[in-house]
Amino acid sequence: MVKFLNEIKEPKVSELGGKGYSLAVLINNGFNVPKGFVITSEVFFKFLKDNNLVEKIESLCSEINENNFQEKCKEVKDLILSGKISGGIKSEVKENLEKLNAQYISIRSSAVSEDSLKASFAGLHDTFLNIKTELNSVLENVKKCWASLFNESAVVYRIRKNMPHLERIAVIIQEMIAADVAGTAFTAHPDTKDRNAIIIEATWGLGESLVSGSVTPDLHIIDKKSFKIIKKTIGRKKTMIVPSSKGIEKIKTPDNKTFEFCLDEEAVIRLAKICLEIEKIFEYPQDIEWCMKEGKIFILQSRAITSLGGEEYEDK
Amino acid sequence: MKISEEKIKWKKTVTRPTSPLKASSLMEGLGKGNAEIIGIFLNNHLLEPVGEKHAWYVDEEEWTNFVKRISELCKDTSYLEKQAEDAYRICGKIKDITAKIRATDFQNKSNERLKDLLNEYHKSLYKYSFVAWGMLVIDQLLVGKVAEKLQTALKNRNKGEKFNEYFETLTTKVNLTDAEREEIELLNIKAEAQKRGDDIERLLKEHADKYGWLPMYDHDIVPWDKEYFRNRIISLSENPQKEIAQREEKLNKRRGRIEEILHELNDPELSRLVNLLQKYIILRTYRTDILKIAYYNMNLFFKEIENRMGLEGNEVAYTTIDEIFNFLTNGKVISKEIIKERMEHFLFLKIDEKLEIVANKDRIDNVLKNQLDRLELSDVLKGSGVYTGIKQGGVKIIESVKDEYKMHEGDILVATMTTPEMHSIIEKAGAIVTDEGGITCHAAVVAREFKIPCVIGTKYATKVLKDGDLVEVNAKEGIVRRLKI
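Those sequence lines, one after another, are chains E and G.
Using our numbering, the letters of the first sequence map in sequence onto residues 1 to 316.
Using our numbering, the letters of the second sequence map in sequence onto residues 1 to 485.
Rather than coming from a laboratory, the hints here were simulated on the basis of the structure.
Any given hint could turn out to be false.
[Said to hold, decoys possible] As a list, the in silico DSBU-like pairs of lysine-lysine whose alpha-carbon atoms are at most 30 Å apart:
| # | chain 1 | residue 1 | chain 2 | residue 2 |
| --- | --- | --- | --- | --- |
| 1 | G | Lys428 | E | Lys193 |
| 2 | E | Lys231 | G | Lys145 |
| 3 | E | Lys238 | G | Lys402 |
| 4 | G | Lys361 | E | Lys238 |
| 5 | E | Lys252 | E | Lys224 |
| 6 | E | Lys46 | E | Lys9 |
| 7 | G | Lys95 | G | Lys205 |
| 8 | G | Lys100 | E | Lys252 |
| 9 | G | Lys100 | G | Lys382 |
| 10 | E | Lys77 | E | Lys46 |
| 11 | E | Lys238 | G | Lys463 |
| 12 | E | Lys238 | G | Lys9 |
| 13 | E | Lys257 | G | Lys205 |
| 14 | G | Lys391 | G | Lys459 |
| 15 | G | Lys205 | E | Lys252 |
| 16 | G | Lys476 | E | Lys231 |
| 17 | E | Lys228 | G | Lys382 |
| 18 | E | Lys225 | G | Lys476 |
| 19 | E | Lys90 | E | Lys72 |
| 20 | G | Lys82 | G | Lys145 |
| 21 | G | Lys451 | E | Lys224 |
| 22 | E | Lys293 | E | Lys280 |
[Said to hold, decoys possible] Label pairs and their calculated CB-CB ranges:
| # | chain 1 | residue 1 | chain 2 | residue 2 | range |
| --- | --- | --- | --- | --- | --- |
| 23 | E | Met163 | G | Ile390 | 49 to 55 Å |
| 24 | G | Glu404 | E | Thr192 | 28 to 34 Å |
| 25 | E | Lys84 | G | Lys466 | 48 to 54 Å |
All values derive from a computational prediction rather than experimental measurement.
For every residue, glycine included, the Cβ atom is placed at its ideal position computed from N, Cα and C.
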């Protein structure tokens with residue numbers, strides 16, 4: 001029920017969630033993903049059963065509507081957060097944490113529906129970064145990830161999209177990479193739909209500031225065939241997110257770095273090549289999150305680009 | 001620490017032609033003068049060279065306090081009335097003092113005596129700063145008050161639909177500015193000329209004496225002379241009397257319409273506010289005119305100082321008033337190179353009591369980068385377009401989910417960045433505009449998903465735009481344009 005990413009032979013979205021699935025596939029194909037394990041969606045359901053919460057939550061979910069979602073969300077979240085994690089789950093997590101042997105970890109939600117083509121679910125569920133590897137605090141954060149299924153914004157989103165509220169969610173625990181540079185890469189242009197272009201955006205520190213949009217990142221556009229950089233625009237990276245004793249914190253970017261490219265050409269092209277390989281694996285243009293530490297590139301996530309028009313993908 | 005390294009949150013106000021002499025003469029009043037009148041000072045200023053003009057920035061924090069204080073004072077309508085009187089009085093004093101200096105035989109006076117005259121002039125500007133900047137605030141508050149009062153009055157009479165028409169009528173100027181008066185008088189001269197042939201030399205000279213100051217936004221501008229007016233006469237209507245009559249009729253019509261409305265609504269408080277607003281509308285121009293008159297009157301005085309400093313060709317406008325005081329006190333002359341550099345372009349920075357003029361281009365860029373992130377403010381904002389499309393709508397600045405109440409279907413959502421919590425606000429948005437972000441950030445992803453035109457990374461949208469501004473968001477070009485209404 002808790003599985004190491006590199007030991008998953010037949011990855012299933014229903015067990016691992018969208019994010020967990022893609023990471024397992026990437027690791028199986030030899031990409032450099034921070035090592036870690038998945039607390040599968042079954043664990044969440046076992047937890048609910050152990051605490052007699054399934055029916056309670058299902059009945060609350062059936063009552064959720066546009067007018068009462070705030071109080072209902074809070075009710076469900078409280079139920080999940082006050083539930084007890086059974087000894088069996090605990091020892092399994094403990095064992096895997098020891099095996100992981102990392103001082104700091106990241107804890108991410110991986111809902112089954114979140115990365116599907118129709119729903120981008122951008123940032124609706126919680127992620128906790130740079131958490132000290134200590135069993136109890138890890139378990140608390142795992143519960144928070146589960147409870148984040150009922151973040152108000154996630155619930156509103158599902159109401160609009162007519163999706164069920166109580167859904168399967170996994171949690172991914174990985175060694176924390178204190179990145180020097182991080183960003184996203186799209187293996188097709190999300191607006192022009194140009195599938196010959198790779199779009200790389202980069203900023204200093206962890207990628208959260210880029211994903212949330214609190215900085216304007218550097219932009220590189222690379223031609224897929226020739227691996228030539230067609231366009232690059234320097235960003236305005238006024239702040240950066242870095243690991244700290246409090247988890248993570250936002251600091252001011254040193255003045256000389258704000259208007260300086262984070263990646264040199266060599267790194268841009270190396271990254272573009274990796275991204276193209278990833279696209280080949282998934283056979284569809286990918287929206288990739290990556291980071292770089294001491295020159296080494298890590299892949300943090302990969303999913304289909306949601307805005308290209310989904311026919312091709314859905315037919316598969 | 002150099003003052004250019006201090007970090008201040010700047011707020012852009014007006015863009016005007018501004019010489020170092022003009023800016024430096026007004027600075028003291030902005031600080032101490034304002035403090036004397038309302039207890040709040042505007043000490044920190046930045047003037048950024050923009051083409052031939054300068055964009056004037058004030059310290060946002062000081063400005064907020066300034067506006068807050070004035071808003072409190074303006075709750076009482078009689079304060080507004082008193083301020084209008086005071087403004088005319090202060091402006092009148094500047095006119096008198098500078099006219100007196102103009103009439104002085106300063107060529108034969110010692111430096112010491114010129115210093116006294118300069119001091120007198122400088123002091124007369126002391127309280128002017130409140131006329132210029134305070135009025136800017138009061139004016140807006142007053143327009144708001146009139147709108148509010150009018151709304152209630154119309155509501156009581158079940159005529160709410162008349163608001164736009166009435167409001168526009170009541171807030172349109174019905175009194176002549178000096179520039180308009182000048183044109184009517186020039187039309188009169190043309191009529192005279194038609195009657196008695198070319199014998200209008202004396203009239204033109206009087207006219208030039210009376211209105212030569214009109215173009216003088218700054219010290220380095222040449223006043224209009226007899227020849228200028230002679231040429232302008234040609235371009236005026238060939239039937240001057242008819243033209244004058246038409247203009248008068250138009251004004252009378254407007255005045256009559258205002259009287260009708262006020263009579264109809266029969267609300268003494270509204271009448272009081274509208275009459276007051278009309279005074280302030282004239283003050284909008286008069287407070288600028290008075291500086292022009294002052295610069296015109298001081299023109300020869302500063303020419304004399306220019307000569308004595310060994311400068312020429314309006315170079316004196318590129319010195320500061322302190323540098324002139326210095327020269328008159330101890331003969332210290334500012335170098336021609338510095339003046340020449342300033343004439344190319346200069347940046348003016350005043351923080352607390354310290355003043356710095358930066359004329360070197362690279363250093364200007366450096367200071368701007370440090371102070372403003374090279375703020376490029378205009379009616380066009382550029383960013384990256386996401387999800388192509390063009391949408392027009394009213395701006396709503398969204399700082400957090402708390403601002404959801406403001407947002408109506410089709411409004412333009414303007415935010416530093418968007419967050420997942422803003423989901424239901426985003427759904428209502430006709431378009432999204434952000435300060436920061438790349439083409440893969442949250443706002444961009446959501447905009448694509450909901451097919452909302454979006455321009456991200458405009459840098460300054462939340463600072464430049466305000467609630468209610470009508471804008472066009474062109475996501476194809478990545479441009480946000482403010483539309484004039």
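Hints versus structure:
| no. | hint | result |
| --- | --- | --- |
| 1 | G:Lys428 with E:Lys193 | holds (26 Å) |
| 2 | E:Lys231 with G:Lys145 | violated (52 Å) |
| 3 | E:Lys238 with G:Lys402 | holds (25 Å) |
| 4 | G:Lys361 with E:Lys238 | holds (24 Å) |
| 5 | E:Lys252 with E:Lys224 | violated (35 Å) |
| 6 | E:Lys46 with E:Lys9 | holds (23 Å) |
| 7 | G:Lys95 with G:Lys205 | holds (20 Å) |
| 8 | G:Lys100 with E:Lys252 | violated (56 Å) |
| 9 | G:Lys100 with G:Lys382 | violated (51 Å) |
| 10 | E:Lys77 with E:Lys46 | holds (17 Å) |
| 11 | E:Lys238 with G:Lys463 | holds (16 Å) |
| 12 | E:Lys238 with G:Lys9 | holds (15 Å) |
| 13 | E:Lys257 with G:Lys205 | violated (63 Å) |
| 14 | G:Lys391 with G:Lys459 | holds (20 Å) |
| 15 | G:Lys205 with E:Lys252 | violated (63 Å) |
| 16 | G:Lys476 with E:Lys231 | holds (18 Å) |
| 17 | E:Lys228 with G:Lys382 | holds (26 Å) |
| 18 | E:Lys225 with G:Lys476 | holds (26 Å) |
| 19 | E:Lys90 with E:Lys72 | holds (28 Å) |
| 20 | G:Lys82 with G:Lys145 | holds (17 Å) |
| 21 | G:Lys451 with E:Lys224 | holds (27 Å) |
| 22 | E:Lys293 with E:Lys280 | holds (25 Å) |
| 23 | E:Met163 with G:Ile390: 49 to 55 Å | violated (32 Å) |
| 24 | G:Glu404 with E:Thr192: 28 to 34 Å | holds (33 Å) |
| 25 | E:Lys84 with G:Lys466: 48 to 54 Å | holds (52 Å) |
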